[in-house]
Amino acid sequence: MTTNALRMDKPVEQSLLDSGVQGIIGKGIERIDGPLKVAGQATYSAEYDFPNLAYGFLVRATFPAGKISSIDAEGAKAMPGVVDVVVDLKTFIRNAQQGGETEAPTQGVKDVAYFGEPVAIVVAESYEIARDAAQLVAVRYEPAEGVFTFDDHVDDAIKPPPGSMPPYHSQGDLDAAMADAAFTIDNVWRTPSQNSAAMEPHASIALWDDDGLTLYGSLQMPSSDKQQLAKSLGERQSKVRIVARYIGGGFGSKLGISPDTVATAIAAKAVGRPVKTVMTRQQVFDATVRRSNTQQRFRLAADADGKLTGIGHETLCSNLPGEGYFEPAGQATQFLYGGENRIIKHDLVELNRTLSGSMRAPGEAVGLLAQENAMDELAEQIGIDPIELRRINDPAQDPQKDIPYSTRSLTRCLDAGAKAFGWEQRNRTPGAKREGDWLIGHGMAATTRTNMLQPSEAAVSIGPDGRALVETDMTDIGTGTYTILAQIAGEMLGLPIERVAVHLGDTKSPPGAGSGGSWGAGSSGSSVYLAAQALREKLAKAMGVEADDLTLKDGHAIAGNRRVAIGELVGDGITATGSIEPGKQEKETTQASYGAHFCEVKVHAVTGEVRVTRWHSTFEAGRILNQQTARSQCIGGIVFGIGTALTEEAVHDDRDGRIVNHDLVEYHVPVHADIPHMDIVFLDERDPHANPLHAKGIGELGIGGAGAAVTNAIYNATGVRVRDYPATLDKLLEGLPAV
Amino acid sequence: MHFTINGQPHQAEVDIRTTLLDLLREHLSLTGSKKGCDHGQCGACTVLVNGRRINSCLTLAVMHQDDEIVTIEGLGTPEKLHPLQAAFVKHDGFQCGYCTPGQICSAVGMLDEVEKGWPSHVSATLDDPDFTDDEIRERMSGNLCRCSAYPNIVDAIREVADAKQPAQAEAAE
Numbered sequence: 099m100t101t102n103a104l105r106m107d108k109p110v111e112q113s114l115l116d117s118g119v120q121g122i123i124g125k126g127i128e129r130i131d132g133p134l135k136v137a138g139q140a141t142y143s144a145e146y147d148f149p150n151l152a153y154g155f156l157v158r159a160t161f162p163a164g165k166i167s168s169i170d171a172e173g174a175k176a177m178p179g180v181v182d183v184v185v186d187l188k189t190f191i192r193n194a195q196q197g198g199e200t201e202a203p204t205q206g207v208k209d210v211a212y213f214g215e216p217v218a219i220v221v222a223e224s225y226e227i228a229r230d231a232a233q234l235v236a237v238r239y240e241p242a243e244g245v246f247t248f249d250d251h252v253d254d255a256i257k258p259p260p261g262s263m264p265p266y267h268s269q270g271d272l273d274a275a276m277a278d279a280a281f282t283i284d285n286v287w288r289t290p291s292q293n294s295a296a297m298e299p300h301a302s303i304a305l306w307d308d309d310g311l312t313l314y315g316s317l318q319m320p321s322s323d324k325q326q327l328a329k330s331l332g333e334r335q336s337k338v339r340i341v342a343r344y345i346g347g348g349f350g351s352k353l354g355i356s357p358d359t360v361a362t363a364i365a366a367k368a369v370g371r372p373v374k375t376v377m378t379r380q381q382v383f384d385a386t387v388r389r390s391n392t393q394q395r396f397r398l399a400a401d402a403d404g405k406l407t408g409i410g411h412e413t414l415c416s417n418l419p420g421e422g423y424f425e426p427a428g429q430a431t432q433f434l435y436g437g438e439n440r441i442i443k444h445d446l447v448e449l450n451r452t453l454s455g456s457m458r459a460p461g462e463a464v465g466l467l468a469q470e471n472a473m474d475e476l477a478e479q480i481g482i483d484p485i486e487l488r489r490i491n492d493p494a495q496d497p498q499k500d501i502p503y504s505t506r507s508l509t510r511c512l513d514a515g516a517k518a519f520g521w522e523q524r525n526r527t528p529g530a531k532r533e534g535d536w537l538i539g540h541g542m543a544a545t546t547r548t549n550m551l552q553p554s555e556a557a558v559s560i561g562p563d564g565r566a567l568v569e570t571d572m573t574d575i576g577t578g579t580y581t582i583l584a585q586i587a588g589e590m591l592g593l594p595i596e597r598v599a600v601h602l603g604d605t606k607s608p609p610g611a612g613s614g615g616s617w618g619a620g621s622s623g624s625s626v627y628l629a630a631q632a633l634r635e636k637l638a639k640a641m642g643v644e645a646d647d648l649t650l651k652d653g654h655a656i657a658g659n660r661r662v663a664i665g666e667l668v669g670d671g672i673t674a675t676g677s678i679e680p681g682k683q684e685k686e687t688t689q690a691s692y693g694a695h696f697c698e699v700k701v702h703a704v705t706g707e708v709r710v711t712r713w714h715s716t717f718e719a720g721r722i723l724n725q726q727t728a729r730s731q732c733i734g735g736i737v738f739g740i741g742t743a744l745t746e747e748a749v750h751d752d753r754d755g756r757i758v759n760h761d762l763v764e765y766h767v768p769v770h771a772d773i774p775h776m777d778i779v780f781l782d783e784r785d786p787h788a789n790p791l792h793a794k795g796i797g798e799l800g801i802g803g804a805g806a807a808v809t810n811a812i813y814n815a816t817g818v819r820v821r822d823y824p825a826t827l828d829k830l831l832e833g834l835p836a837v
Numbered sequence: 489m490h491f492t493i494n495g496q497p498h499q500a501e502v503d504i505r506t507t508l509l510d511l512l513r514e515h516l517s518l519t520g521s522k523k524g525c526d527h528g529q530c531g532a533c534t535v536l537v538n539g540r541r542i543n544s545c546l547t548l549a550v551m552h553q554d555d556e557i558v559t560i561e562g563l564g565t566p567e568k569l570h571p572l573q574a575a576f577v578k579h580d581g582f583q584c585g586y587c588t589p590g591q592i593c594s595a596v597g598m599l600d601e602v603e604k605g606w607p608s609h610v611s612a613t614l615d616d617p618d619f620t621d622d623e624i625r626e627r628m629s630g631n632l633c634r635c636s637a638y639p640n641i642v643d644a645i646r647e648v649a650d651a652k653q654p655a656q657a658e659a660a661e
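Protein chains in written order, with the working numbering: chain A, 99 to 837; chain B, 489 to 661.
Simulated from the structure, these hints should not be mistaken for laboratory data.
Quick caveat: nothing in here was measured; it's all calculated off a predicted structure.
None of the hints are false.
Covered stretches of chain B (in silico footprint by chain A; criterion: 3 or more residues with CB under 8 Å from a CB of chain A, positions within the stretch not fixed):
| hint | stretch |
| --- | --- |
| 1 | 507-514 |
| 2 | 525-531 |
| 3 | 562-571 |
| 4 | 588-598 |
| 5 | 618-627 |
All residues carry an ideal CB built from backbone N, CA and C; glycine is no exception.
Extracted from the complex, chain B is given alone in its bound form (with noise of 0.2 Å):
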């Protein structure tokens, strides 16, 4: 199998029942994205796959052939953190950090998916809803955090979104 995994190709021989999540974890040794449950349902371990935001042990690794992987580890690093990852840390958007990595991949997907003018459960209206603080609720719904550092969370991405938001105004202009 080959992917191309923060950047750089990978080769791998993988057993069939491997997840993408084990494949990361296990084979490459990309620790960063967490399994807390393995079936889908608490978002530890969300990836983005070809830019879209993905449950890694919901999938097997050999769907993935050719895909582009991006990880925690391809965000950012501790020395040069990605805007979210500064947020985080800036709102204390954690406490044992296990969930964290798969919160932040979660938020880089979720505001492109914003971005993109996708609707959510909670949106007033179908076409480019308003981005409120309940839509980001809404839409990181998927991501437990059993230390519930869900306000903090909430404060870190409305930071980033609205930095992002005048400077996309002025290119809009």
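Here chain A stands alone, though its shape is the one from the complex (with noise of 0.2 Å):
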């Protein structure tokens, strides 16, 4: 099979969807997956049936540490319908795994390290049996110390190892930026832990067959995937087959195998029958992932000008004892401002609590709540409008790494919103416009969302019906990949959308990037771009002219005065692999999309009270692949944004590290009525540093900064600067003006 494989260490200067004439890249196009899923027929992964499919159901430990002495499940045994007790102490995985690792994770659950942790799975003729027989497991065990609470533990805090970026980083004096700048800022903000709290479920089925294991899954990277389930069940990598055709959402809660992974596939060969688990809605919260709390001092130091001569951005989170993995909360503070004087910092505080792992945009979605926030409090400091003093700290090349940015078109972004959202007409003095019972306030800003390309293969074949096939282990979590790369098919080999079909979330398929960082569209759909060019080639070979001479529309090749059917110039079918990996133009540009946030919010005078009445973003993301579903993803980031300036927060018990409120009633995810009408606008770039497709990253630009819009907007309304979040109306009562 031809294979075209490119490594991004050059600009890709013309991309062929410029010169594509089927005219569907862009486009608003209905997602093609829609009708079944509005249908109600899409599968996800806990709606497989299989004949003699037993239901597993994880028991877990009702202590935060110790050393388990024994299980006793006879009593759940001798339940009737009830197959067997599974317990593997060794095997079972300790907790989730993070995004793209090939190793499995910390395995062996003898030493209990959360509350809630999986350590044994019952298996049942139904749901409602083994979910009873689970209570009837008396799991027994030593008590060890514990370590739950984060403030007290702030001094033993360690620098963990390099993450998506370096923990520590520091350069000139920051110190004596400070004590020299004409205006400072030096707060801390803090942040709650948060669950990713996706609508499905995590979810397995296992089968065991001749062939070995095949596991429906809810995971968000098949092929990485793969890799961590056969190293936890000590299986060659062949033996081990993911399905993950529809994922119920993810946010990054199922980048890694989680423990009902690895619970399903042993519970499966040992009872010697296929098994389902599904996680229940707790469990969700108490054994998979969560975004670490964070602690995070920010400093501004700048000139007179409003100029700014320093950034001081140090970060405290937490994660179980020995997960080096922490949240990149100065992720953007790298590259957004400049500033020579600089000190970026991590350090990590171990504690007996759920894992942490990536949530949407891990580093930026916290990190920009607070530098917005300083930005805001700078800007007021120094009596000049927040967009101006975004303009005049808008570098010409990355401040820390003195590379130049790919593209870099936050101050666009910043310009066109205000104009769009009226920013100019605002009132400018905080807890000065009411009407009836609500203040009125009005807050932006910026976010940006590094860019990045993983490794990725696909699969593209063209039958004799001249219809394509797409084929990769890629997944769509809601991302509408299977859209986008439709179209990408469609437009780089002439054919209309409904003639090209695709297959996505199986590891029988090429490997694909998964969805996660915002890499999906760019890296998968790179690889789609690379394999239809080759076979374009194919195809004018077949026309015996030069690929650049051979204009595919509607099915048809045409060249000269030919215009032949595609699929009479395929044989039997041709095929190709296109494959992307990241090279030297990931080191030699900073790359990233922005945007700039704008709302209104009305918090009521008495009550506290917070409403997001009015919202505009504008963005720059490179090509924007479909303008339908980007505005989506646009939008489902923004009120993740919106949530956690004034709902999230997953509350740790001190006692005991738990999650008290592990569920979505008392875990507040936003709602119909909690969202406002959403203006959302994409200016045109094109960005070649990025890939063949001149594409961006999107689905995490939304939440940054989205928070402090609606925090700086309370601060216009009322006066109340809130640093501790969510916003909720008791951090705002005491600080609202008189009524």
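Two chains, two separate frames, one set of hints: put the complex together.
Have a look at this one:
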């Protein structure tokens, strides 16, 4: 099979998507998987039926730290309908794995490290029996000392290993810059633990046969998840297949395998039957992954003109003992604004709490709250418009790495957004605009999200019927992948979208990038682009012309005065594989998407209740592949940001670290009534340094800064600065203007 | 037990602990109704029972002898979508699609409640309130969408509701 491989060592100056004439790329085409989803016919992980299927239910530790001495399952096993209680303290995984890792996560559950850790699994003939029997399993243990409270242990924080960024960076002399500055900000922000709360709980169905294990799992990155699972089980990778065709949201929580994945695979092998395990909502909160709480000291130093001379961003976050992952809150701080004296630090407090890991925009989602609030405070102190402050500090090149930006569009977004929102017309005096019982405020914030490219492969074939098929184990977690891959293939091959089929989420297909880090469209889309480029060469050869002289449109190849149906040029069918990997471009340029949020809030003058009443965001993210799905992604991110600002907080019990509000009634995600109409604008851009599509990541762009725009607006409405998220009304009441 | 589901008679022997949702998903292979929380907190399991919207995870199957149950599968098929299903596709009223069947079943039930003149928490009057976008938001707030397609869902429901209204007005004349 032909493989067209590209390493991004050089910019791709011309994208074939700009010379395609099918006219479907970029359009707001309806999702091709839409009819299946709205009709309830899309099959999520727990929805495959197999003969002789048994039900698994996880048994969990009801203590936060200790060594298991015995597990008494006799009572459970005696219950009619119970198939078995499977205990494997050595192989069960302690916690979920982080995204993209290729090794097994921390394994072995004899030493329990957090409340609710899964330690055994009941298998029964029905869900009801399995759930009931799980209550009868007695887990005996010797208690151990645990560390549960964050505030009492910040002095024990350790330097974590490098993650998506180095934990420490320092240049110049920030303390001197602060001392010399005309204006300074030095405050501490706090953000709580959060949960992705994807609507579909984590679920697994495991089947073993002569070929090995097939696992239907709600997993965002099948190709690395397969490696994690194989290593956890001690199986060869070739013996493990993961299927994840539809995923009911992920937001980071399904990047790596989770305790149900391994437990279900072990159980299915032990009982010799297919087993299905669906986590309860409470189990999802307790035993998958959270976004760490953070405590962030953010410092700004500016000269008399408002030009930044220093930035300090020191973050403390938490994780389980031995897990090195830290919330990279300083991610955007590295490159969003200038300032030659800089400190960016991340330290980790080891706690017996649920694993922390990636949740939508790890880093930016909470780091930009501090940064964009601090910028708002600084603008006020200087007495200039917050947009002007950002304009003054828009650097010509990356202030840390001394390399150029691939493209840099922050100021364009700020200007266009301000105009569309009517920013100039706002009241500038905090607490001075009131309508009836409501104080009205306006706020803005910038956003950015680092653009990443991941290795990704896809196969594209054209059959004699003139239809194309795209195959990769890439996933669509609601991001629109099915649709944008069909658009890319259709544009490249001159096929209407209904003549392109896309098969995703099966590790039998070429390994894709997986969904995470906003890299899906750019990475997986590029692999489809490259495969289709190879097919264009083949079609050109069949037409006897150079590929550049070939026009593909509406299922026909056109060259000179000939027009031939594509199906007639492919014999029994042609296939090519496309493969992309990151190269020098990511070292030579700083790549990111940018945006600006503007919002209006009303705050009840008596109760402090906050309602978001108006929203505008302008973004620039390279080529927009589908206006409609891109807009939906941005809205989704913004709403996450509104939840972060106003309601979302996973509360840990100080006595045992458990998440007290581990369900959807007590952990408050935004609902319909919380969200107004969203005005979203994309500015046109191409980024040839990013990938052959010239597109950049968008899935996490919306969330960054969105929460800060809300709290900046709350300040404008009330004169109250909230730095302890979420900005619940109890934090506003005391500071509200006299009624 | 006997139920009528999507117009078809169904006989089933069920565990008294089995919820209506698990009956549909685990026993009748009607997996369009989703389980997001199993506690009536998210609305993903919303179905219509005797014409009214209900969280099917909060009710036991044995409570529904002879009831008429309509699930997302009964509203339309990918080839022949219900107007609300089509409007959700047109307005991108979903992303991952997991809460979507519940949103759509809930919207069907909600529009029927509006037609009957039922007020809501945000209604300015108790008597035949205006059907504003805020009414949609309030009445749909039992259906969570973590992908946050809320504004698009409102647009989809608005379009279908507006298309219905002129027809009703005509009929009234």
